[in-house]
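Kindly generate the complete structure, drawing on both the sequences and the hints.
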Amino acid sequence: SQQGEEDPQALSIQEGENATMNCSYKTSINNLQWYRQNSGRGLVHLILIRSNEREKHSGRLRVTLDTSKKSSSLLITASRAADTASYFCATEGGGSNYKLTFGKGTLLTVNP
Amino acid sequence: GAGVSQSPSNKVTEKGKDVELRCDPISGHTALYWYRQSLGQGLEFLIYFQGNSAPDKSGLPSDRFSAERTGGSVSTLTIQRTQQEDSAVYLCASSLSGIGTGELFFGEGSRLTVL
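Residue numbers (my numbering), protein chains in the order written: chain A, 377 to 488; chain B, 24 to 138.
Warning: the hint list may mix true and false statements.
Unchecked claim - Derived pair list, reagent style DSSO-like, types lysine-lysine, alpha-carbon separation capped at 30 Å:
1. B:38 to A:445
2. B:80 to A:480
3. A:432 to A:402
Don't read these hints as lab results, they were simulated from the structure. Since the structure is predicted, the reported quantities are computational estimates derived from the model, not experimental observations.
Written out as structure tokens, the structure reads:
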């Protein structure tokens, strides 16, 4: 079954640096979403990009989608210690399959 | 309510016992999802509801797992004869979208520990 796979599994950076996380998937999608999870908490939606979109921005977040390569990236600019969390991509299957499938996530640590 | 509510937040049970986990979605949300997350892992899809029907229950690990949703609102995930490998955080999410998946709103999860 299709699934987003994030890369890298873990990323450690200094405050102020940019963080880039990648997601690859296997089959056609309707949309791709990014979520954030603080340790021991539920997931929070960050951004949704549709299959006919190539780039989307939200505050310090920039998401790109390349459907020909079946990949997406999440860029967090000017990172802060509070950005420390796990980040997951999730794909909604093509057609009428509305199941949202999550990857294993990238653990981002932003050091003050 | 203001958000997705799950209960209990923590459940410790003995192997072989049955457990029920409850999810109260955001009012008016037609889609409801159950996921399972083991320690340090990603989310494993279990089942999703559109209204009271479950178009996709392909993720339920075995026939010991079942879920229902009544009145297009509250959902219950039941695990019968629990096993130690069932230990995980069970996350529920709801979505407003009737067609296609929009933003999912997650509860804080129910942490299940099977001894």
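Results of checking the hints against the structure:
With a C-alpha separation of about 45 Å, the suggested pair residue 38 (chain B) and residue 445 (chain A) falls outside the 30 Å cut-off, and the hint is violated. With a C-alpha separation of about 21 Å, the suggested pairing of residue 80 (chain B) with residue 480 (chain A) holds against the 30 Å cut-off. For the given pair, residue 432 (chain A) sits about 21 Å from residue 402 (chain A) by alpha-carbon distance, which is consistent with the 30 Å threshold.
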